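There are 4 protein chains.
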Amino acid sequence: MSSSALHGIIGYTITPFTAGGLAPDLKALGTSIDRMIESGVHAIAPLGSTGEGAYLSDAEWEQVSEFSIKRVAGRVPTVVSVSDLTTAKAVQRARFAEAQGADVVMVLPASYWKLSDDEILAHYKAIGESISVPIMLYNNPATSGIDMSVSLIMKIVKAVDNVTMVKESTGDIQRMHKLYQLSDGQIPFYNGSNPLALEALTAGAKGWCTAAPNLIPQLNLDLYAAVQNNDLEQARQLFYRQLPLLEFILKGGLPATIKAGLRLTGLEVGDPRLPVSPLNQAGCEQLLQTLKTLNVF
Amino acid sequence: MSSSALHGIIGYTITPFTAGGLAPDLKALGTSIDRMIESGVHAIAPLGSTGEGAYLSDAEWEQVSEFSIKRVAGRVPTVVSVSDLTTAKAVQRARFAEAQGADVVMVLPASYWKLSDDEILAHYKAIGESISVPIMLYNNPATSGIDMSVSLIMKIVKAVDNVTMVKESTGDIQRMHKLYQLSDGQIPFYNGSNPLALEALTAGAKGWCTAAPNLIPQLNLDLYAAVQNNDLEQARQLFYRQLPLLEFILKGGLPATIKAGLRLTGLEVGDPRLPVSPLNQAGCEQLLQTLKTLNVF
Amino acid sequence: MSSSALHGIIGYTITPFTAGGLAPDLKALGTSIDRMIESGVHAIAPLGSTGEGAYLSDAEWEQVSEFSIKRVAGRVPTVVSVSDLTTAKAVQRARFAEAQGADVVMVLPASYWKLSDDEILAHYKAIGESISVPIMLYNNPATSGIDMSVSLIMKIVKAVDNVTMVKESTGDIQRMHKLYQLSDGQIPFYNGSNPLALEALTAGAKGWCTAAPNLIPQLNLDLYAAVQNNDLEQARQLFYRQLPLLEFILKGGLPATIKAGLRLTGLEVGDPRLPVSPLNQAGCEQLLQTLKTLNVF
Amino acid sequence: MSSSALHGIIGYTITPFTAGGLAPDLKALGTSIDRMIESGVHAIAPLGSTGEGAYLSDAEWEQVSEFSIKRVAGRVPTVVSVSDLTTAKAVQRARFAEAQGADVVMVLPASYWKLSDDEILAHYKAIGESISVPIMLYNNPATSGIDMSVSLIMKIVKAVDNVTMVKESTGDIQRMHKLYQLSDGQIPFYNGSNPLALEALTAGAKGWCTAAPNLIPQLNLDLYAAVQNNDLEQARQLFYRQLPLLEFILKGGLPATIKAGLRLTGLEVGDPRLPVSPLNQAGCEQLLQTLKTLNVF
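The listed protein sequences correspond, in order, to chains U, L, R and H.
full-length UniProt numbering puts the first sequence at residues 1 to 297.
full-length UniProt numbering puts the second sequence at residues 1 to 297.
full-length UniProt numbering puts the third sequence at residues 1 to 297.
full-length UniProt numbering puts the fourth sequence at residues 1 to 297.
Bear in mind the hints are in silico, worked out from the structure with no lab data behind them.
Warning: the hint list may mix true and false statements.
Intra- or inter-copy, both count: the list cannot distinguish identical chains.
To be verified - Taking lysine to aspartate or glutamate and the EDC-like style, the derived pairs with C-alpha atoms no more than 20 Å apart in a straight line are:
| # | residue 1 | residue 2 |
| --- | --- | --- |
| 1 | Lys-292 | Glu-268 |
| 2 | Lys-251 | Glu-233 |
| 3 | Lys-114 | Asp-147 |
| 4 | Lys-89 | Glu-119 |
In this text the structure is predicted, and so the values were computed from the model without any measurement.
With the hints as constraints, model all of the structure from the sequences given.
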C-alpha cells in the first residue's frame, strides 16, 4: 500500500481467550473485528499491546495473526505488530505477517537489556531488509523500556527504506512538533496516547492508533472528522466528551478495560492472561456508568 | 477587574539594566512597555521570570513595579508578579502592587525548603486575605522547585476567594485537561509554556502568558485570533512558523534571549544579572537569522 | 536448603552460544561453571539477566537449566532464575527447576503491561504455591519495568511462605536500610548492583549476586571477606580497586562485556543474541587494559 | 586554615527567631552554638539550609553571620554559607564572612533560572577571586534546583584555587565514588545526606555536615569514631540506631524538626519563618518518642 493511504482511526483488536485463558477464541475475535470495521474505522491493528501479543506462544501468535488478516480481508488496511525481544523472531514474524497479507507491520523495539541507538537501528534494518511492506516504527517507552529520541527516529527513517511511518505514544506533544519540523511535515506520524488525541491531531498527526473504537467508535470517528473539517470548537467538545473514557482505559490497562467493556456490550472475550488481572467489580461499575453517559447503551 | 476580562496575549516585560547591571533602566523599560501595548497585546505582566523579579533588591522591585503600572496607565490590564520566598514579603509586595494600581497579582510559591500542600495553601490564603484584586495562581516547578497538582490547585481556588485564575507552565497538556474537567470549564487557565501555545489554546486556555511579543507580537496575536476564529488549519500553520523562535527563547533562557533580541531590534536593555550570562555570539547570530526568517526586520 | 545458608559471592553464569547464536554451547557453559566454582564462589546463579534467559526459546531454557544444575552437582547451591511474562510459564519453569534440583529459584516480575501491587503479589503467590524450594524475590526496574517498593516486598514476604530472600538491584542503598529496619534485620537481602557492592555489604547485605566472578573472582571474594573480618579499610581499598571493572561491565551490558572478557581469558562463549551486540573493538581494548591492571593476565 | 584540617562532624546551626518570627534571637543562637561545641563537634556551620539563610533579610544575614563567628571564637573551625541568587551578593557575603573571621565559606549555586556549566563556573570564579579563605563547593539540587555533575565539580576545583572541598547532598553514593576516582582520593568530600551517613564515611568521606548534633551529638560522633577506628560492625550498629531520627529530620524538613527538637530539650528557638510551618503536634510526639528511645532524655 502507499503509506500515505494509512490515516484516521486505526483500531486495535483485543485477543479474546477461552475460559481460563487457555487458548485464543477466534470466533469472538472475528466478531470484534467485524464490529470495528462495520463501525467505520479506517484500519485494523492486531496483536499490539492491547492484543496481548507479548503474552502469546509462537503458535498462538501465528494463529491470531493469520486469522485476523484473513478476517479483515482487505476491507480496510491491516497493521500487524510483529515486535519481539530477539531480532531473529521479529524478522520471522514480519515475514509471516507479510506472507499472510498484512499491509503494514508495526515494530516496537522490545527490550530486556537496554539497547544503544546503533543496536536499535540494526534491529530495524534487519527487519526492513527481510520484507517489502512498509513498517510503522513505534515508540512507547512505558511498555518497551526504550525511548527513541526524535533524532534517532529520523535516522532510522532515512536509513531503512520501508520505515515510512512513525507512531508516537510517549504522550509528549513536543515529539510530534519535532517530527514535523525535522521532516518538513513529510513523515506521517500517528498518535498512540489516547488522552493526547485532540492535540496530536491539532499538531498534524495523520491518524490515531487506539483501542477505544472497540467501545466508542463513533466518538473517535467524529473527533477525527471534526479536525479534518477544520472545526476546532466541535473537536474540542467531542474530545472532552470522550476524555473520561480515554483516561479510564489508559489508567486501567487496555486489555483489562477493553475486555471488560466488550463484555458489558454483550461480547464475551474472556480475561487477560495472568499476571494481568481482569477489571475488578468497582472498575466495571465505573466503566458501565461512563459508557452509559456516552450513550453506548 | 472581572477575572473573565483577562484573555489573549499577556506580554511579559523584561527589566532593562544600566551598564554593569547596576540599576534598572526605567527609560528603556518604558519604551519596551509602549512597544508591546502598541503592537496590540491584551495585557502586560511585569516582574515575572522574564522580568528577573527574583534578582532585584526590595527597593528596585518597588521601583520597577510602580513605574510599570504607571506607564501602562490602564491602556491594558496589568498583572504583577509578587512572588517571594517568605510569606511576609509576598504579602508586602501584593499590597504594594495593589496600591499602585495593579489589576491582577500573580503568585508562584517560590521555595528553598519544599513546601507541603498545607503550607502552600496557607501561603495563598495569607496573600489572598491581604488584598482585594484577583490572584493568578502560577505553577512552574522548573523555576520554583514546587509542583502543585491540579487537585491542590483546585483546593486553593475553592479556599481562597480571590484566586480566580490559573497559569500552568509545566508544559503538560493533561494538567489543562484536568483543570477543565474538575472545574467544568469554569476556571480560566492560561498557558505559560511557549512551545505548547497551539495545543493549550486548542484545549481551551483563555490566554497565553509569554515574553515572545517583545519580539514577534503579530505572530502571537495572529495565532490567538486563528483559534478564536475556529480556524485550526491557519492556527497550525502560524504555530509551526513561530515555533523555532519559541523553542529558542525557552532553551536559551528568557531574560538572555529576549534582551539579546531587543538589542537586535535597536532597543538597548542591557544584560541579565550575573550569574545569568548574556546570550553568546553564536546564539545572537542564530536569533538574528530566526527573526529575519519571520520578517521581523 | 535453609535460606540462611545462602551468602557471599553468588556468581551469575553467561549462556554461551554456538556460532551465529544458533544454539546454547553446553561445553563452554560447563567450563565457565567449573571455573567459577573452582575459584571459590559461594553459589551459582544460571539464567539470570547475564544468562540471557529472556532471549532463549522454551526448549533452550529447559536445556540450559537442566544442564547447569547437573553440572554444579551440589558443589555449591544453585539459584535458578525462572522469570517469565506470564504467570503460567513462570510456574512451569519454577517446577522444572525444582525437579532438576535447584536449591533456590529467583523471580523477577517481568512485565509488558505495568502490574498493580495486587497483581505482583498474586504472581508470587502462584509460583510459591507450586514449589517447595525457597524463592529469592528480585527487584530490578531497569530490566523489568516494575519497581517494587520495600513495603510491597515486605507484604509479599509475609504472604508467601517460601519467599525468604530479597535481591535488590535498584542501586538505592536506602531500600536496603528500609528492608533491614522493617524486618528487624531478619530478612536476608542480597545486592545486585555491582557499583554498590561495598556499601551494600556495609549496610548488612548477606551476599552479592554478580557476574563479575566470571572475570575477577578473587577480588570479589576478598571484598566479601574483608567485610566479614570487620576490616573496613581493607574493604574500601579492595572496592576502589575493582570499581572500574564493575562500572565497565554495568555500563557496557553484562552479556556483552562478560562474554568479551571470557574470550580475552581464552574461553570462547560466542556473542549475545541480537539485537544485543557484542562489545565493540574499542570496548574490548579498554576491557583488556582494565583486566591487566587487575593482574587477571 | 588548611583544608585538610576540616573533618568529622560539622554541625549546622539553626537560626532562632523571636516571637512571630520577627527577628533573630541571638541569645538562643549563642546557647545552641555553645551546646554543640561543648558536645564535641569538630566544626560549626552557620546560615546553611538548616539556618534558614535564604529567608533572612540582608541585615539579618550579616547580624547572624557576625554573631555566630564571634561566638564560636575559634574553638572549632567555622564554615559560613554565603550562597545567594546573584553573583554580586554572594561575593559581598563571602567578603563579609571572611572579614568577620570565617575559616571556610560554603557556596551552593542558588538558582531561579537554570544555569549552564559555564555560568556556574564563572559564579565560583568570581567568589573565589574575591576572598582568600577556602571554599567548600556544595551540591544539593533538592534545594538549589541545580545539579552539578562530578565532572563539572572537578572542573571548578581545577579552575578556582580556593575551591578545595566538596559537599555532596544528592544522597547518590556513586557521586562520591566518582569524586574519589577522578581525584585519586585527593579532594576531600563531605556528606550532606543524613541517611547516607554510614555509607559515605565507608566510601571515604572526610566529614559529615549535619544538623543532627543539635539533638544527638554523641551518636553522630560515635559513628564517625567507629569508622575512624576501622570498626565496621560498631559503625553499622550505631548507624541503624540513629537512622530513624536521621530519616525523621530529613523528611520533616530540618528547620521545623530541629527547632521542635530543641524546644523538647528545653531550648526555645521559635518557629521557622512562613511559609515553612512548625512541626505539627503528631510530629512533635513522634520526635519525642524517637529521642526517648535514643536516651536523649
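For each hint, the structure was consulted:
Within a single copy, Lys-292 and Glu-268 get their C-alpha atoms as close as 19 Å, which meets the 20 Å cut-off; across copies the closest is 61 Å, which misses it. In the homo-oligomer, the alpha carbons of Lys-251 and Glu-233 never lie at most 20 Å apart, since the shortest distance is 27 Å inside one protomer and 32 Å across protomers. Within a single copy, Lys-114 and Asp-147 get their C-alpha atoms as close as 10 Å, and across copies as close as 16 Å, so both meet the 20 Å cut-off. For a Cα distance limit of 20 Å, the shortest separation of Lys-89 from Glu-119 inside one copy, 16 Å, qualifies, whereas the shortest one across copies, 28 Å, does not.
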